[in-house]
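In numbering that gives the first Met the number 0, the protein residues as written are 0 to 141.
Hints are computed from structural coordinates only; laboratory data are not their basis. Since we're looking at a predicted model, the values are computed, not measured. One or more of the hints may lead you astray.
What follows is a list of derived Cβ distance ranges for each label pair [stated by the list, open to error]:
| no. | residue 1 | residue 2 | range |
| --- | --- | --- | --- |
| 1 | L60 | R132 | 30 to 36 Å |
| 2 | T25 | A47 | 40 to 46 Å |
| 3 | G22 | A127 | 23 to 29 Å |
| 4 | R64 | E39 | 46 to 52 Å |
| 5 | G138 | T27 | 35 to 41 Å |
| 6 | T25 | P50 | 45 to 51 Å |
Glycine is no exception: its CB is placed at the ideal position from the N, C-alpha and C atoms.
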Amino acid sequence: MNASRTTTVQASRLSPGDEKKPGFRTKTISTRVPSAELAEIEAAAERAGQPLAEWLRETALRAARERPADPMELLLAEVWAVRHTVLSLFLAGAKATVAGKPMLPESVLSIRDQGDAKKLERARVLLADFLARPIGKDGEVR
């Protein structure tokens, strides 16, 4: 079997109502792979418990939607997570002291996890807001 890969995209005809259905699948993507690669792909789909076509679609979309890592974005995300964690720990500690109760280790882990879950989203918002700010004639960000 030929080891080269060929990809084709075919458009099917849309019926009048199909254009209005968001997410309606109207295109087909096909590719040629050697038997050994096909076996690997089928095994991966089986491990995921999905039909081959569904696994291929989800895998392709995940790869297409991944953003390349921007070092500045990653650095800002970590700084934001540390800031969030420190401030949240101070607040939780103060509340625990006022209530006369100790702060539990689970609270610390929860605060850390909250920061980690939000850090990339917050970094992207901060960067977008910063980049959207106008620059004055003197070169200063307004």
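Hints and how they fare:
1. L60 / R132: 30 to 36 Å: Because 33 Å falls inside the window, the suggested range holds.
2. T25 / A47: 40 to 46 Å: With a Cβ separation near 25 Å, T25 and A47 fall outside 40 to 46 Å, so the hint is violated.
3. G22 / A127: 23 to 29 Å: holds (27 Å)
4. R64 / E39: 46 to 52 Å: violated (23 Å)
5. G138 / T27: 35 to 41 Å: violated (52 Å)
6. T25 / P50: 45 to 51 Å: Check failed, 19 Å falls outside 45 to 51 Å.
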